[in-house]
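Undergrad: Top to bottom, those sequences are chains A and B.
Residue numbers for the first sequence follow our numbering, so the first one is -9 and each next one is one higher.
Residue numbers for the second sequence follow our numbering, so the first one is 28 and each next one is one higher.
Incorrect hints may appear among the rest.
[Claimed, not checked] Chain A side only, calculated, beta carbon under 10 angstroms to chain B, not exhaustive:
| id | residue |
| --- | --- |
| 1 | I28 |
| 2 | P80 |
| 3 | A213 |
[What the hints assert, rightly or not] Pulled a few chain B residues facing chain A out of the computed Cβ check, cut under 10 angstroms:
| id | residue |
| --- | --- |
| 4 | P33 |
| 5 | T120 |
| 6 | I148 |
| 7 | G162 |
| 8 | T164 |
| 9 | V173 |
I should point out that these hints are in silico values taken from the structure, not numbers from a laboratory.
Cβ atoms here follow ideal geometry from the backbone N, Cα and C, with glycine treated the same way.
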Amino acid sequence: MSGFGITRATLAKDLRLEWRSKDAINSMLFFALLVVVIFSFSFDPTAEESRRIAGGLVWVAFLFAAVVALNQTWARELRNQVLDAYRVSPAPANALFLAKALGNFIFVSVLEALMTPLFIVFYNLRALGPAYQLLVVAVLGTWALVVNGTFFAAMSVRTRSREIMLPLLLFPITIPALLAMVEATSAILTGEFSARFWIVLLAAYDVVFTMASLFLFELVLHAE
Amino acid sequence: MKRAFPILAILTALLLSYGLYGALIVAPTERTMGEVQRIFYYHVPSAWTAFTLFFLNLAASVVYLIRRNPRADAIAFAAAEVGVVFCTVVLVTGPIWARPVWGIWWTWDLRLTLTLVLWLIYVSYLVLRRFSSSGQTPVMAAVLAVFGALDVPLVYFSIWFFRTQHPQPVVGGGGSIDPRMLHVLLINWAAFSCFAALVCWSRYRLEVLRREVEETQALESLLEAGNQR
C-alpha cells in the first residue's frame, strides 16, 4: 500500500472509531464548555473589553480542549499493541503521523465550529475588522496546535504519567503560535490593526513544524 | 585528562575570586544606577554561559541523532541541566536589578521573554528526561532539543512584533561602556565559563558512571537469574 493509501486508511479508521464512540469530541466539547462558563464568570466583561480579551479566551479554551483529544490519539493504539504492530510493519511512519494529525485537525475543527457560536453569544462578539481572516487564522492556528500536539502526544505516550506529560511538552513550544493566534484574533475583532504579520508568522510556524514532525517522527516511533 | 580536572578547578576558583574582587571593588560605580548595577557582572556572564550551554545541548543532541553515541547524549544532558541552573540565575538576578532601576520587576521585553521561553523549553526537556523510561529517553530528548531550537526564531519574531505594537519598555540605554567595566565583565565571563565547564564535566562523568553502574547491575541480575536456574 502506498503512503497515501495508509494515510487514508488510518484516517478513515480513526474517524469511524470516533463516529461510533464519540469519546474525544464529547469530552472536548464538555471541557471547552466548562472553560467558557468559568471564564465568563471570572471576567464578566463589557462588549468593548470582551473584544480585546476574547482572542485569548477562545484560544486558551481550544488549546486546553485540544489536549484532551490529543492525549487519546495514541493511547488508543496502545491497547492490543497496535503501536508495536505499526512499528514492525513496513508502512512509512510519516503516513501514520499525517493520518493522526489530520484526524485531530478534524476533531478540533468540529469542536471550534460548535464552540464559536457559544463564544459569540456569551461575549457578545462582533468582528470590527475583516471577518473572513478569522477563518484563515482558525485553520492555520488549529493546524499549529494539532501538528505539534500529535507529535508530542506520541512522545508523552511512551513516558510514565503520560497524560500530564503532553501539556508540559506542548505549551512551551506552542508559545509563539499561541501568541500569533491570540493577537491575530484580537486584531480582527477590534479592527485596530492589521493581522497580516501574525498570519504570516502562523503560516511559517506551521511549515517549520510540519516539516520537522514529518522528518523526525520516524525516530520517535522507532525509539527503543 | 584526569589531571586537567583539578587544574581547571583551581583556575575556576582563582578567576571567580578575582572576578568578585573586580565586580565589587575595581569596577567604578555606575553614574545613574549606583551600586545595584554591580549585579551586571553576574547577570550578563550567567546569560552568556546559559546560552552557550543550550547551544552545546543542541549540538550534542544533533550529534546523538546522527551518530547514536551515548556519550553525546550524556553531554547533552549535562549541558541542559547546568544551562537551566545558569538561566535561573539570570531570571532571578534580572528582576532584582530591574526593580530599583526600571521601577518594575518584570517587563515583556524581547530579551527577557526569549530567556524565559528558553528556560521553559529546557525545563520541559528535563521533565521529559526524568519521566521517560530509560531506553527511549535519549532519542526523545534530542528530538525535543531540535524542536526547541526551531522554536527560538519564531519566538524571537513574535515577541519582536508584539513589542513594536505595545509601549516600549524602559530599557537601560546601550551606548558605550567604561573599559574598566568591560574588563571586569570579561573576567567574570571567563570565570563563569570555566565554572560551567567544570560543573558540566563532573556532571558528565557522574552520568557516564551512573550508566555503567546501571548496566553492570542489569548484567549481574541476569547472571544471578541464570545461576539460580
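Undergrad: Please name the hints from earlier in the document that this structure breaks, with their numbers sorted from lowest to highest.
TA: 1, 2, 4 and 5
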